[in-house]
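Between the sequences and the hints, there should be enough to build the whole structure, so can you do that?
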Amino acid sequence: MTKRLGMVAAIIISYVLSAAAVQAGDGFEVSLLRSTPREIVLEFTLEDYTLKHVEKGGATYTEVLFPGKVTTKKKGFAELPFVHASVALPSSGDLRISVEPGSATEIPLTYPMLPSRGVIYRNQKPADIPYEMAPSSRTGRWYPEKVATASEPYILRDVRGTDIHVYPFRTHGARNILKVYHSVIVTLSTGNGEGANTLSSPTRSVAPEMEAIYRDMFINYAPATRSIGEAGELLVIHTPRDASAIAPYVAWKRQKGITVHTLKVSAGSLVKNSISQFYASHPSLLYVQLVGDWADIKSELGTSANAPTDPMLGCVAGSDYYPDLIIGRFSAQSASDVTVQVNKTVGYEKNPQISGSWYPTALGIGSGEGSGSGDDGEADYQHVDVIKEYKLLPSTYSTVNEVYQNGSASSVSGYVNSGLSLINYTGHGSHTSWGTTGFSNSYISSLTNGSQLPVIISVACVNGEFHNGGDCFAESWLKKSGGGAVATVMATINQPWTPPMRGQDYMNDLLVGGYDYTTNPGSGTSTTEGRSTFGSLVFNGLILMYAESATSSDLDTLKTWTIFGDASLQVRTEAPLSLSLSATSAQANTPFDCVVTSGGSPVPGALVALYQQGTLFKAITDASGAVSIAHTITAGEYTLAVTGKNLETKFYNRNMGGSANQPPEASFSTAVTNLTATFTDTSQDSDGSIDSRQWDFGDGTSSTAINPAHTYAAAGSYLVTLTVTDDDGASDQATTSVTVTTPDTVPVLQNGVAVTNLSAAQGDWLYYKIVIPAGVSSLTMEISGGSGDGDLYTLFGAKPDTSTYDCRPYLWGNNETCTVSTPASGTYYMGIRGYSAFSGLSLTASFN
359 MTKRLGMVAA IIISYVLSAA AVQAGDGFEV SLLRSTPREI VLEFTLEDYT
409 LKHVEKGGAT YTEVLFPGKV TTKKKGFAEL PFVHASVALP SSGDLRISVE
459 PGSATEIPLT YPMLPSRGVI YRNQKPADIP YEMAPSSRTG RWYPEKVATA
509 SEPYILRDVR GTDIHVYPFR THGARNILKV YHSVIVTLST GNGEGANTLS
559 SPTRSVAPEM EAIYRDMFIN YAPATRSIGE AGELLVIHTP RDASAIAPYV
609 AWKRQKGITV HTLKVSAGSL VKNSISQFYA SHPSLLYVQL VGDWADIKSE
659 LGTSANAPTD PMLGCVAGSD YYPDLIIGRF SAQSASDVTV QVNKTVGYEK
709 NPQISGSWYP TALGIGSGEG SGSGDDGEAD YQHVDVIKEY KLLPSTYSTV
759 NEVYQNGSAS SVSGYVNSGL SLINYTGHGS HTSWGTTGFS NSYISSLTNG
809 SQLPVIISVA CVNGEFHNGG DCFAESWLKK SGGGAVATVM ATINQPWTPP
859 MRGQDYMNDL LVGGYDYTTN PGSGTSTTEG RSTFGSLVFN GLILMYAESA
909 TSSDLDTLKT WTIFGDASLQ VRTEAPLSLS LSATSAQANT PFDCVVTSGG
959 SPVPGALVAL YQQGTLFKAI TDASGAVSIA HTITAGEYTL AVTGKNLETK
1009 FYNRNMGGSA NQPPEASFST AVTNLTATFT DTSQDSDGSI DSRQWDFGDG
1059 TSSTAINPAH TYAAAGSYLV TLTVTDDDGA SDQATTSVTV TTPDTVPVLQ
1109 NGVAVTNLSA AQGDWLYYKI VIPAGVSSLT MEISGGSGDG DLYTLFGAKP
1159 DTSTYDCRPY LWGNNETCTV STPASGTYYM GIRGYSAFSG LSLTASFN
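So our numbering is basically just the index in the sequence shown, starting at one, shifted up by 358.
In case anyone wonders, no lab produced these hints; they're calculated from the structure.
Treat the hints with care, as some may be off.
Derived pair list, reagent style EDC-like, types lysine to aspartate or glutamate, alpha-carbon separation capped at 16 angstroms [unchecked claim]:
1) Lys537 x Asp678
2) Lys504 x Glu458
3) Lys431 x Glu490
4) Lys1003 x Glu887
5) Lys630 x Asp678
6) Lys537 x Glu421
7) Lys432 x Glu490
8) Lys622 x Asp651
9) Lys432 x Glu503
10) Lys427 x Glu458
11) Lys427 x Glu405
12) Lys427 x Glu387
Now the in silico label distances, taken between C-beta atoms and shown as ranges [what the hints assert, rightly or not]:
13) Asn1173 x Pro1101: 25 to 35 angstroms
14) Thr1138 x Leu467: 35 to 45 angstroms
15) Glu760 x Leu467: 36 to 46 angstroms
16) Asn1173 x Thr1100: 31 to 41 angstroms
17) Ser729 x Ala625: 25 to 35 angstroms
18) Glu887 x Lys433: 30 to 40 angstroms
19) Gly626 x Thr1036: 43 to 53 angstroms
20) Ala601 x Ser1135: 50 to 60 angstroms
21) Ser677 x Lys504: 18 to 28 angstroms
22) Arg496 x Ser756: 34 to 44 angstroms
Don't be surprised by glycine CBs; every beta carbon is placed ideally from N, CA and C.
Below, the structure is given as structure tokens:
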């Protein structure tokens, strides 16, 4: 199968390299010795390794300790490290590989090599799986059979490539010998035949979301040979049921500056062929957004679990498993489900909180399992901790909270409700929960984080199993109104243990702008640049994971780790940078010239877009923050949007008229008391006056008052839009997210002051709370005295109950104490429940 690309083989590979390109990995180095149209020569050089005797199940084995921790997984055969490099190939030609081993050492073994336990899945406990040698591993053959292999050529969107895997450690079971190759030279040559998965035909620029991964992944990729084009286009696929509900999402993406196509399909459609056909005629397509549940839009079922494989819908060129498109899904059983997810997505991108302190805050959750058998030999919590200490904190993140093996579901709720932009989870999982903490769908339904929405990378079993049963864990996060998450990646299968850990590493590497494995903990392909859309983070992370190992368990992970939410979502990792524009209106027949600054300094890399009735004009600001956009905007309404990574979004509704009227600038402030929001119009009109106002409160009600107050029927977050029209008929809109809550009537305790003579019947509750300022070192909450049996429960941020609490002492009688070291600032709730009726009890909360 062929795929059209640029101008024959020379367009992909630089053919003048001479021992200049080097990739360093943990424990090995790869050098590109030669690259010509017919031949590519690589040298793999082994560096550090040691041998160690280990006892497993009462037997002694020899283990290779090697910084690069990807190992063979054939059950019962030696578990041996191997290394890899990815090579960009000419657009066509048969691929041949020749291997020239260099110096090698044969080491007689006192004890046999440690056998692999095969692929371990996350519905298993590694400690329960024995180490057993297969009888066939002791035959007179070397294992692995070959010193090096090359995969069948594949197509990764713009590049034809192959993955080279070198096995520097081989064992001879019958002779009990380990052979170590200190260097290996691999030569790839191309013949005159067409070869597998060829590229051909028209020239096309590289999507900016992809170019960096080509440079990091392929040792011989030559970026100067291809132009970098505009951001990839988006295809939205929906059923008739959701046409109206998805329309605001489509409108916003177009206004933002993305070329959006829509495709209406009948319910129950398998859309694989439709996507492939669409890509053939729209080669700049990069994102596909599915709208609907499994019953609405289907992907092919795959793996031994017969589970949905949404990511494989992106395999539209070649017969390989490397996707070419990024697939996301708004999983929804109704139009209202779609509306919730659309509102969260648009609000997240369009109306960020300029002073939002939650953006540089993250949460890591990890189990205590997997030590010695996880990726890089790490237990889950150690893996999550490396992400925290070496990736997130050195970048834009200032706070990364920890919930490890013995953490509680209530602590997860507390952190989410306080505001997070990112959650990394690694552990066991189920259809509706995380095994570590037990945080489940029922906890999601009670979240109150409003518009403070995280993205989630979850390494766990079946969290994304959306085709079976009720709402899965991923769907619950996304469908939650007034909170939850804005996007997540979760699996439709029981995930294998280590491949998704590597994928999660790579996704975080790209989130923070790149990571160097030669100088930091872990092993993998170093990256030098980041990605800013959630889909490109996930997609590129999975590509790096699969190229590194390419085993069956890697492939299962690639096929089934599903993006729930907007694949093109621009992820935020710090408070948005406020922007100023030198111009906010376009003039007819004149290029739109604008300089984007922040605090007087230029802002490069911002996307500036003018949009009018299906026609888009856009440009990226240069180093001086400037754009000049030629356009053909005619009389009538149009929009101006300025967006970018961690930038404030500037959005204007404008009208191109025959006069020089300047449209008004809509703005308003909000004050919230419980369920009531009071709005103050702060709009301005530079050359006239505001003639009318239209408020949309986001709950189906509206007002034309100047400064209205509105009481909502239910707690939650609502997108409020003010449309103002001036005395010349020009209008503008401002939209913001408003979060309202039900009144809190819980009595407030004073520091160290007891409330006394408390009583309650069996099963009844008494609630109190205390507000803790910043900088407190210790908090003690205790009950004492009286008769009967009252049980103390405490919880940060919400009232506790019998299943949701931070502390419950489990003691007889009325003398119970809960202590919190270095408590977070905020409100701590105390509940006293009558295990049996009690009276005369005292409650005290003290902090210092």
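Straight-line alpha-carbon gap Lys504 to Glu458, limit 16 angstroms | Cα-Cα ~11 angstroms, so holds.
CA of Lys537 to CA of Glu421, is that 16 angstroms or under?
-> 13 angstroms, holds
Just tell me: holds or violated, for the beta carbon distance of Arg496 and Ser756 against 34 to 44 angstroms?
-> 55 angstroms, violated
With a cut-off of 16 angstroms on the C-alpha distance, tell me whether Lys431 and Glu490 pass.
-> Measuring from Cα to Cα gives roughly 13 angstroms; hence the hint holds.
Lys432 paired with Glu490 [C-alpha distance capped at 16 angstroms] | Satisfied, since the Cα-Cα distance of roughly 12 angstroms is no more than 16 angstroms.
Whether the CB-CB distance between Glu887 and Lys433 falls inside 30 to 40 angstroms | Holds, at about 38 angstroms.
Just tell me: holds or violated, for the beta carbon distance of Ser677 and Lys504 against 18 to 28 angstroms?
-> Cβ of Ser677 to Cβ of Lys504: about 23 angstroms, so the range 18 to 28 angstroms holds.
Asn1173 paired with Thr1100, Cβ distance criterion 31 to 41 angstroms | The hinted range 31 to 41 angstroms holds for Asn1173 and Thr1100, with Cβ atoms some 34 angstroms apart.
Within 35 to 45 angstroms or not, the Cβ separation of Thr1138 and Leu467?
-> 59 angstroms, violated
Given the range 36 to 46 angstroms, decide if the beta-carbon distance of Glu760 to Leu467 lies inside it.
-> Holds - the Cβ-Cβ distance for Glu760 and Leu467, about 41 angstroms, lies within 36 to 46 angstroms.
Regarding the pair Lys432 and Glu503, is the alpha-carbon distance no greater than 16 angstroms?
-> 12 angstroms, holds
CA of Lys622 to CA of Asp651, is that 16 angstroms or under?
-> Answer holds: Lys622 to Asp651 is near 15 angstroms, not above 16 angstroms.
Violated hints, in rising order: 1, 10, 14, 17, 22; the structure is consistent with all others.
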